[in-house]
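Q: Make a model of the complete structure from these sequences and hints.
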Amino acid sequence: MVNDAAPRPLPVLPALGAGISGSMQGVGGLLSMSRDAVKFLFQRPFQAKEFIEQSWFV
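In terms of our numbering, the sequence shown opens at residue -10 and continues consecutively.
One or more hints might be untrue.
[Stated by the list, open to error] Restraint ranges, calculated between C-beta atoms of paired labels, are given here:
{"hint": "1", "residue 1": "24", "residue 2": "-6", "range": "47 to 53 Å"}
{"hint": "2", "residue 1": "43", "residue 2": "-3", "range": "56 to 62 Å"}
{"hint": "3", "residue 1": "44", "residue 2": "-3", "range": "56 to 62 Å"}
{"hint": "4", "residue 1": "-4", "residue 2": "31", "range": "56 to 62 Å"}
{"hint": "5", "residue 1": "33", "residue 2": "10", "range": "35 to 41 Å"}
{"hint": "6", "residue 1": "-5", "residue 2": "20", "range": "39 to 45 Å"}
{"hint": "7", "residue 1": "-6", "residue 2": "18", "range": "25 to 31 Å"}
{"hint": "8", "residue 1": "19", "residue 2": "41", "range": "34 to 40 Å"}
{"hint": "9", "residue 1": "25", "residue 2": "-3", "range": "42 to 48 Å"}
{"hint": "10", "residue 1": "-3", "residue 2": "46", "range": "57 to 63 Å"}
None of these hints come from the bench; they were simulated from the model. Note that beta-carbon positions come from the ideal geometry of N, C-alpha and C, so glycine has one too.
A: Quick look at the structure:
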């Protein structure tokens, strides 16, 4: 019994996926934190005193 089918190429993406997925999780975490920061920026009550203290420190 002879297999006449062409050999399949080796998968490249699974090898790259391990390195990329960690980076993408980091980027996703940053975007999620940024979205939460913007969302909470426009909610009341706005903590003006804490904002001034934090701005002074920076």
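Q: Compare the structure with each hint and give your call.
A: Structure-based check of all given hints:
{"no.": "1", "hint": "24 with -6: 47 to 53 Å", "verdict": "holds, 49 Å"}
{"no.": "2", "hint": "43 with -3: 56 to 62 Å", "verdict": "holds, 57 Å"}
{"no.": "3", "hint": "44 with -3: 56 to 62 Å", "verdict": "holds, 59 Å"}
{"no.": "4", "hint": "-4 with 31: 56 to 62 Å", "verdict": "holds, 58 Å"}
{"no.": "5", "hint": "33 with 10: 35 to 41 Å", "verdict": "holds, 38 Å"}
{"no.": "6", "hint": "-5 with 20: 39 to 45 Å", "verdict": "holds, 42 Å"}
{"no.": "7", "hint": "-6 with 18: 25 to 31 Å", "verdict": "violated, 44 Å"}
{"no.": "8", "hint": "19 with 41: 34 to 40 Å", "verdict": "violated, 26 Å"}
{"no.": "9", "hint": "25 with -3: 42 to 48 Å", "verdict": "holds, 44 Å"}
{"no.": "10", "hint": "-3 with 46: 57 to 63 Å", "verdict": "holds, 59 Å"}
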